[in-house]
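Participant: Here are the chains, one letter per residue:
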Amino acid sequence: AAGVIQSPRHLIKEKRETATLKCYPIPRHDTVYWYQQGPGQDPQFLISFYEKMQSDKGSIPDRFSAQQFSDYHSELNMSSLELGDSALYFCASSLVASTRGGAGGSYEQYFGPGTRLTVT
Amino acid sequence: QKEVEQDPGPLSVPEGAIVSLNCTYSNSAFQYFMWYRQYSRKGPELLMYTYSSGNKEDGRFTAQVDKSSKYISLFIRDSQPSDSATYLCAMSRSPYTGRRALTFGSGTRLQVQP
Numbered sequence: 017a018a019g020v021i022q023s024p025r026h027l028i029k030e031k032r033e034t035a036t037l038k039c040y041p042i043p044r045h046d047t048v049y050w051y052q053q054g055p056g057q058d059p060q061f062l063i064s065f066y067e068k069m070q071s072d073k074g075s076i077p078d079r080f081s082a083q084q085f086s087d088y089h090s091e092l093n094m095s096s097l098e099l100g101d102s103a104l105y106f107c108a109s110s111l112v113a114s115t116r117g118g119a120g121g122s123y124e125q126y127f128g129p130g131t132r133l134t135v136t
Numbered sequence: 152q153k154e155v156e157q158d159p160g161p162l163s164v165p166e167g168a169i170v171s172l173n174c175t176y177s178n179s180a181f182q183y184f185m186w187y188r189q190y191s192r193k194g195p196e197l198l199m200y201t202y203s204s205g206n207k208e209d210g211r212f213t214a215q216v217d218k219s220s221k222y223i224s225l226f227i228r229d230s231q232p233s234d235s236a237t238y239l240c241a242m243s244r245s246p247y248t249g250r251r252a253l254t255f256g257s258g259t260r261l262q263v264q265p
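Quick note, the sequences are listed as chains A and B, same order. Taking the working numbering, I'd label the letters of the first sequence as residues 17 to 136. Taking the working numbering, I'd label the letters of the second sequence as residues 152 to 265.
Heads up, a few of these hints could be off.
Stated by the list, open to error - Below, a list of computed lysine-lysine pairs in the DSBU-like style, where the Cα atoms sit at most 35 Å apart:
| hint | chain 1 | residue 1 | chain 2 | residue 2 |
| --- | --- | --- | --- | --- |
| 1 | B | Lys207 | A | Lys68 |
| 2 | B | Lys153 | A | Lys38 |
| 3 | B | Lys193 | B | Lys207 |
| 4 | B | Lys218 | B | Lys193 |
| 5 | A | Lys38 | B | Lys193 |
| 6 | B | Lys153 | A | Lys29 |
| 7 | A | Lys73 | B | Lys193 |
| 8 | A | Lys73 | A | Lys31 |
| 9 | B | Lys218 | A | Lys73 |
| 10 | A | Lys31 | B | Lys207 |
Unchecked claim - Just the calculated beta-carbon pair ranges, DEER-fashion:
| hint | chain 1 | residue 1 | chain 2 | residue 2 | range |
| --- | --- | --- | --- | --- | --- |
| 11 | B | Tyr222 | A | Arg32 | 42 to 50 Å |
| 12 | B | Lys193 | A | Gln83 | 23 to 31 Å |
| 13 | A | Glu124 | B | Glu154 | 15 to 23 Å |
| 14 | A | Thr34 | B | Glu154 | 29 to 37 Å |
| 15 | A | Asp87 | B | Arg228 | 40 to 48 Å |
| 16 | A | Arg25 | B | Tyr222 | 35 to 43 Å |
The set of hints was computed from the structure by calculation and includes no laboratory data. Where is the CB? At the ideal position from N, CA and C, for every residue including glycine.
Input sequences plus hints: build the corresponding full structure.
Facilitator: Right under this line is the structure:
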């Protein structure tokens, strides 16, 4: 079965540079979530998109932005990188059926393999 | 204090043992509960998903939820060396689209000895 695809898998950047991470959800999934996992830590929610609109926002720094495109893939843009941004960045996708109030569909989130970002 | 508490381990058991992994949570708004398995440097893999209090079984895995005690468990029967990984509990608040972000426990490292 198709899984979530993330690219690149590894990225090395210097401080103050910018980075763009890409996520391709499981086909037919309409919701994308971004999580950041620091070394030895649990994943922390950053931001999510449903049907190309931002649906929820977590602890995402103002230096980061994201969007979901018409083909449902998503990109996380990170600017003015800091050493503390070094982490694994995961994208997850789920299928949230379009029901009134958005209360339908599936709650399971399927994670991609992650992008390991190293800031030097 | 974290909303979701999980014993980080490591937990070391012999092959064939029954493993019990647990999480407690403080926010009664959590309604949906998941268990993920994560191998080193890999993405979390969904193992079990539950909503209501009670038990849910899938092969060697049983997930248990006690909402009154704010306590969830994952049991692994006949544990195998390939089960060695970090197990993360995760939960979300609401069925509504905008509030399904997962809050994770810190993960329990499990080592199954051959």
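Participant: Need the list of violated hint numbers for this structure, in ascending order.
Facilitator: Hint 10 is the one this structure does not satisfy, whereas the remaining hints hold.
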